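Assemble chain U onto chain L, guided by the hints.
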Amino acid sequence: MNKFRFWIGLWGGKTFLFLWKLFHAERDDRPGMVSVRICEDFLARVAKPKLTIVVTGTNGKTTISNMLAETLKKLGYKVAYNDWGANHNAGQARCLLDAVSIFNKPIKDVAIIEADELISPVNVPRLKPAYLIVNNVSRDSMLRNGNPEYIADRLRRAAEGSPESVVVMCGDDPVSSLIGENNRRVAFGAKYLGTNPLDTMVDDYPVCLKCGGKPRYTYRNYRNIGEYKCSKCGYKNSERDYLVESANDTHMVVSEKGGKFTYPIPNSAIHNIYNTAAMVSILRDIGEKPENIAKALESIKPPASREGSEVVCGVNIHRKLAKTHNPTAVSTVFENIKKDKSKKLLLMVLDEIFENPKKSETVAWFYDTDYEFLNDESVTKIVLGGDRYLDHKLRMLLAGIDESKIICIPKHLDVLNYADISDVETVYIVYDIYTSAEAGKVTAEITERIKKERGETK
Amino acid sequence: MKIELLFPELSTVYGDAGNVLYLKKTCKDAEFIETSLQSKPYFIENDVDMICLGSMTEKSQIFAINALKPYVNRINELIEDGVVFLATGNSMELFGEYIAEDDIKTEALGIFPFYSKRSSEYFRHNSMFLGDFEDIEVVGCRSQFSYIYNQCDYSFMKVKGGIGNNPDDLNEGIHYKNFFATYVLGPILPLNPKLTKHILSLAGFEGDVAFENEAMDAYNLRLEKLKQEGVNFILGEHW
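Chains as they are written, first to last, in the working numbering: chain L, 1 to 458; chain U, 1 to 239.
Incorrect hints may appear among the rest.
What the hints assert, rightly or not - Computed beta-carbon distance windows for the label pairs:
| hint | chain 1 | residue 1 | chain 2 | residue 2 | range |
| --- | --- | --- | --- | --- | --- |
| 1 | L | Pro410 | U | Asn232 | 15 to 25 Å |
| 2 | U | Lys25 | L | Lys295 | 51 to 61 Å |
| 3 | U | Ile136 | L | Pro410 | 41 to 51 Å |
| 4 | L | Lys451 | U | Asn213 | 31 to 41 Å |
| 5 | U | Glu237 | L | Glu26 | 34 to 44 Å |
| 6 | L | Trp84 | U | Asp103 | 41 to 51 Å |
| 7 | U | Asn66 | L | Arg449 | 28 to 38 Å |
| 8 | L | Ser404 | U | Gly230 | 35 to 45 Å |
| 9 | L | Glu403 | U | Met1 | 24 to 34 Å |
| 10 | U | Glu229 | L | Ser299 | 56 to 66 Å |
| 11 | U | Phe32 | L | Asp41 | 46 to 56 Å |
| 12 | U | Ile104 | L | Asn182 | 19 to 29 Å |
| 13 | U | Met1 | L | Glu445 | 28 to 38 Å |
Treat the hints as calculated values from the structure; they're not laboratory data.
Note that the structure is predicted; figures quoted are calculated from it, not measured.
We put the CB at the ideal spot given by N, CA and C, even for glycine.
One chain only, chain L, in its complex shape (with noise of 0.2 Å):
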């Protein structure tokens, strides 16, 4: 019975498929949605191409598949992947429809399956990948997400039923470290690159997972991913197979076995560095020459972002996304808003909007969040529209904010009215992922203003 359901969900979601492709739909889940419904355990009957690499962890993930899809088809591979982040059954479904015949039969040569860390110990033993890509793992949403050792424990378990997969990881990582322990594992990581991170309100890694010692650094690239030992047992980084050596704003240098290789990057973002690090290790992996993966890198670029900058008559103008709820990314963004010391104004428009009314919303991440970074004396004004504005304004004065710069209001567009530009360099807007329209609104309008203000030729 089994057995013929998963012929039906093969040849129903392949159907699908075509008909979504013939209508130039392809980028959607649905044929995917498709064959899981009707075949529970589709994922772990449909045929796998003999390079299947699956990509979890907390940040980079669909930026990961991306690049690396990007950079096996210019090494020569097939290559099945989505681009879209669909990363639970539909979309993993989705893409390995497109990695078989209608026989079952592998069609390509490689299928890279982005996977949400929740999902993975469930998902991961039926796909059992050759390679399972752990990029880091770092708070994130509470109310989804727990906390960061759930996560690792939940990629561990996922690593645990999959024995024969190899886990490349991110060495410099201590919460992913116990992340297939009892799998081969390919570690990556860099030496200290003078990135200069601040210190953070929380840390992910406070005290060692194997004893509870305290982690000493010899170093931090960001966060808590650097090099570390445990001061008490003695626990400490993987052994790093490659090892990002050095950087600057198109190339580092990678250091393995057989010597340093130059790499090209899309950028010196310090998270970039650490993913196309990521990829060189599995790309040398599978046995790739470091000549031929640099050549294919040259051109390779991370997914077009939802973020931007221009400058207009003179002012930087930033849109920054911050996940609301993810205080690594929130902090990471205001970080970065405290580290340029241009003179700046601030514009959020950060909380969901409800149509319900009825419907609550947490606050707890405001406080895992580093609104200190915004104490600044760069920073002239904070105005933030959003429904838990009373929320923010408190947590800004908490941060030690002067009450004069701040104005919280309740609307978001409401922004605008108190956006005043005279005076300044730059200015951030920072949104959420479900306010980008009104982020875009609020872009547009600053845009003109600063034309009309400062005028065209400036």
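Frame of chain L; chain U shown alone:
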């Protein structure tokens, strides 16, 4: 006034670092003693007015239990003497008899006769909270893997919205003398200026809490929203 923060490096999940932040901003003249997991608690040989600890990871719960176990008698003595304790989130579970994960039990401090239980599948409960402590309405949220059972007669709050110690209990938390323990997150102190004032008064603090007007504005708005008819308190349970 001396406030001992037990394991502040561990008590930083689910926003509970905000309680410490609020205490520090409110009790500006107080001496804060930060006791790390590797240090001997200050309360063993010294008098303190208040002891706080907050939400932590499940592994950290075990580290914390092991660190405090040798001092159970002293903790009991302090509780009986009326020292203010505030344990938020799953740090409340440390004070029960044991923490069970399916059938595996981890012995806890055994100070109060309750136990906590979670599934090894780690189902996560999320909800909003509205409850009464004496004449104070308390607001906040819940986000947890486990529940406590057999909580005895020491209820902290009566539930008006959301759940109590477990989904079948309308009592929330532990209150005995000046010992307060609650699953309620928020963080509970900055979200509840009235409650903060009350608890701190038991420790000898007099005066306004930090940014009292702004905190009250936020508290009143939240209270108003949570009291609307048909509020969806339960946000879900899942993994």
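Report the numbers of all earlier hints that the structure fails to satisfy, in ascending order.
3, 7, 13
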